[in-house]
Each structure stands twice: as C-alpha cells, then as structure tokens.
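Participant: Note that the protein sequences, when read in sequence, are chains S and P.
Quick note: the first sequence, position 35, residue 35 per full-length UniProt numbering, numbers continuous.
Quick note: the second sequence, position 98, residue 98 per full-length UniProt numbering, numbers continuous.
Just so you know, not all the hints are guaranteed correct.
To be verified - Label pairs and their in silico Cβ distance ranges:
(1) E29(S) with G182(P): 45 to 51 Å
(2) A19(S) with A102(P): 37 to 43 Å
(3) K162(S) with V28(P): 39 to 45 Å
(4) F159(P) with D160(S): 45 to 51 Å
(5) T12(S) with V211(P): 18 to 24 Å
(6) R94(S) with H161(P): 28 to 34 Å
What the hints assert, rightly or not - Stretch-level coverage of chain S by chain P, calculated; a stretch enters the list once three of its residues show a Cβ under 8 Å from a Cβ in chain P:
(7) 76-83
(8) 190-199
FYI, nobody ran anything at the bench for these hints, they're computed from the structure.
By construction, the Cβ of each residue, glycine as well, lies at the ideal position given by its N, Cα and C atoms.
There are 2 protein chains.
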Amino acid sequence: MTAPAHLAATRTAYDSVAALYAELVGNVESNPPVDRAMLAAFAELAGPAGPVADLGCGPGHLTAHLAALGCAAFGVDLSPAMIELARAAHPRLRFDEGSMTALDLADGSVGGVLSWYSTIHTPPEGLPEVLAELHRVLAPGGHLLIGFFGSDEPSVLPFDHKVTTAYRWPLDRFAALLDDAGFAEAARMSRAPVDGERPLPHGRILARKPV
Amino acid sequence: MTAPAHLAATRTAYDSVAALYAELVGNVESNPPVDRAMLAAFAELAGPAGPVADLGCGPGHLTAHLAALGCAAFGVDLSPAMIELARAAHPRLRFDEGSMTALDLADGSVGGVLSWYSTIHTPPEGLPEVLAELHRVLAPGGHLLIGFFGSDEPSVLPFDHKVTTAYRWPLDRFAALLDDAGFAEAARMSRAPVDGERPLPHGRILARKPV
C-alpha cells in the first residue's frame with residue numbers, strides 16, 4: 001500500500017468505529033496504574049516546555065487528561081469523526097484534523113508530543129518519516145512519550161488489530177529508530193498485558209530532543 | 001565474604017555515613033519524574049492490599065512518601081543509625097531494624113514490598129535467598145517494586161559504590177531471578193542516568209506474587 005493509501009485506509013477505519021472506540025477506550029481510568037504513571041511523568045517533564053500535542057488523539061480523553069495535569073494540551077487526529085467526538089466531549093480544548101506524516105505545526109513549536117498507540121498502523125518502512133516529523137515539531141529539550149504494542153520476537157510483525165492492521169515492535173527496534181531520528185532515550189518500559197487485553201507486551205519509550 | 005560478614009560490613013558502612021547519606025538522598029523530589037511515577041503506580045497497586053514494607057528504608061523518606069500516597073507504610077533497615085534518623089524525621093511512622101535475609105514479618109503479611117536500591121550490595125549468589133524472603137512476606141496478589149543499578153553488559157558486575165561495593169545487573173538477569181522466585185512480572189523499566197548521576201542505567205521491576 002502506498003503511504004497516502006495507508007492513511008486513507010486508517011482514516012476510514014477509525015471514522016467507521018469512532019463512537020464504539022470512544023466508548024471502549026476513551027477513559028483514562030481504564031489504563032493500568034503504570035501507564036497513567038508514565039503519562040504523569042511525561043506531563044511533568046513536557047508541560048513546562050510549551051504546548052503539548054496529543055497526536056492521534058482519538059476521542060481526546062488523554063488530551064483532556066494532560067490538560068488536567070497542567071499541560072497546554074491539544075489534539076490532532078487523522079479521523080474527522082474522532083475529532084468531532086473529541087470536540088463534543090471537551091469543548092474547551094483544541095482539536096485539529098491532521099496527519100503525523102505532515103503536521104500543521106511550526107518547527108520546534110511544542111514542548112511535548114504524546115503518541116499513544118498512534119504509530120501502530122504505520123507500516124514499518126514509514127515510521128522513520130513519522131519520527132522525523134515528531135522531532136521537527138518538538139522544541140529542543142522537549143519530550144516525546146510513545147506507546148505501542150511490544151513483542152518478544154526479534155522482528156516487527158503485523159497482527160489483526162480490531163480496527164485495521166497494526167504492527168508490534170520489539171522495544172529495542174523501536175528504540176533504535178528513535179535514536180536514528182535524533183532523540184535521546186530517557187526511559188523505556190515493557191509492561192505485561194493486564195486482564196482483558198490481548199496477550200502482547202506493551203512498549204513505552206520516553207525520549208528527549210537534545211538541546 | 002560470608003553472608004553474616006557481608007551484612008555486618010553493609011551495616012557498618014551505612015551507620016558511618018548515615019547523616020550525610022540522609023542529606024544527599026533523603027529527598028523524594030530529587031528523584032526524576034519517571035521514578036516518582038513508578039512509586040505512585042506501586043502505591044496505587046500495593047496500598048489497598050495491606051501494609052507496605054519499605055525494606056532498606058534508610059532515612060525513611062520513601063516510607064513517608066508512600067504513607068503520603070495513602071499506604072500503611074513502615075520501614076526496615078539494617079543500619080541502626082539510619083533507623084534512628086528515620087524515626088526522628090518521621091515520628092508517626094514505624095521503623096524497625098532488620099535484615100532482608102530474615103525479616104521479622106509473618107508469611108503473607110504485607111500487601112507491598114518496596115526495595116529501592118536495597119539489594120544492590122547483596123552478593124549476586126545471595127540474591128535468590130533475599131527474593132525468596134520478599135516472596136514469603138508478601139500476601140498473594142501483593143506487589144513488589146525493586147530498583148537497582150542496571151547494566152548494558154551481559155553479566156552482573158561489582159562497582160565502587162560510595163558506601164560499599166555494589167553490583168549492577170542486566171535487567172533480564174534480575175527479571176529471571178524474580179521469575180525463579182515465583183513472581184509474575186508486571187512491568188520493567190530501564191531509565192538513563194540524569195545529570196549528576198554516575199553513567200549507569202537504572203533498572204526497575206514491578207512484579208506481583210500470584211494469587
């Protein structure tokens with residue numbers, strides 16, 4: 001699939017399940033304590049450095065969570081239906097349609113980027129371009145927190161995600177791409193699935209754009 | 001060194017630097033945000049399950065932090081001088097002298113165990129005995145959070161810690177010992193050193209005693 005075709009497919013897939021998706025995952029408290037802890041650490045580090053972009057924000061629940069933690073948070077999503085839900089649920093916050101491959105944000109204009117499972121549908125060969133874009137919009141010293149499906153296998157593998165094909169990444173492989181993109185790793189975490197989740201580990205990497 | 005000789009050496013070493021040590025590290029805010037986040041996640045998981053033991057509590061600053069987060073926290077340390085400082089700083093909390101090799105706690109009597117850098121001086125061959133003791137005192141379903149010096153090398157290596165010889169552990173190796181001891185891993189983290197720290201990664205493992 002070409003990159004534009006992949007984006008169109010992802011947009012359509014999320015548009016078609018937006019309301020159900022928002023009901024199922026649009027709740028901060030449903031995230032396990034260690035995930036909320038990582039979000040809190042990210043908010044503490046990124047918030048003072050400038051606006052915080054929740055990229056692939058879906059229904060905006062994490063955008064609102066970051067705002068509640070003191071960040072000047074705003075959301076961007078590929079899916080117009082998701083943006084509509086986010087605006088309705090959080091009318092005081094800013095939500096824009098947009099793609100992580102070409103963000104309508106100036107160079108160095110944000111203090112933090114949250115990408116919570118928003119690169120999971122990106123074909124592996126397209127990920128460096130996305131990470132370069134995240135690096136571009138981050139201010140020097142700004143932080144990136146990225147969450148994704150992990151893997152105990154050595155290679156990147158596709159799997160049948162409920163919405164559209166997704167990829168699970170060995171933590172080392174994802175970390176190497178961030179390093180290649182110019183980020184300095186601050187912390188990496190692998191957490192085990194909790195009850196009700198598919199039997200895959202979850203990867204989180206907190207990284208910084210060097211000053 | 002025999003185990004009792006090692007314990008005596010560690011006790012003496014910490015007794016001799018207790019006041020300075022308390023001044024240097026006895027401050028929760030000096031821990032980076034991701035470390036405080038892990039402590040918060042641990043408190044949320046362990047607190048509701050019963051009393052929480054801060055083993056190797058030093059001057060008691062993390063015991064007090066866990067108490068502030070809602071846990072029924074108490075501290076245990078090998079060093080009488082540390083216990084004296086902890087009691088003076090936190091007169092409402094309980095602090096006891098004791099060794100992680102033979103805790104004066106009943107089987108399954110605590111909902112959580114925090115071991116924050118308190119196994120770092122344990123010779124590697126003695127660690128399984130300590131982990132078995134932590135497993136013994138934890139209630140089924142209880143959580144353990146363990147913090148230690150990490151390593152990018154494949155083997156466990158001693159290094160010259162300021163107080164007395166310490167060991168740095170590859171995350172995988174430490175995780176394997178926890179698995180051997182009967183714990184179920186919930187999450188593992190490696191974080192990079194921050195300014196002012198020695199150039200070693202830091203390992204954290206959150207694990208659960210199965211029900």
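Participant: Now, for every hint given, state plainly whether the structure supports it.
Facilitator: Cross-check of the supplied hints:
1. E29(S) with G182(P): 45 to 51 Å: Once the Cβ atoms are compared, 30 Å apart, the range 45 to 51 Å for G182(P) and E29(S) is violated.
2. A19(S) with A102(P): 37 to 43 Å: violated (58 Å)
3. K162(S) with V28(P): 39 to 45 Å: holds (40 Å)
4. F159(P) with D160(S): 45 to 51 Å: At 46 Å between Cβs, range holds.
5. T12(S) with V211(P): 18 to 24 Å: violated (43 Å)
6. R94(S) with H161(P): 28 to 34 Å: violated (49 Å)
7. 76-83: Result for this restraint: violated, n = 0.
8. 190-199: It holds: at least three residues are needed, and the segment 190-199 of chain S offers 3 whose Cβ sits within less than 8 Å of chain P.
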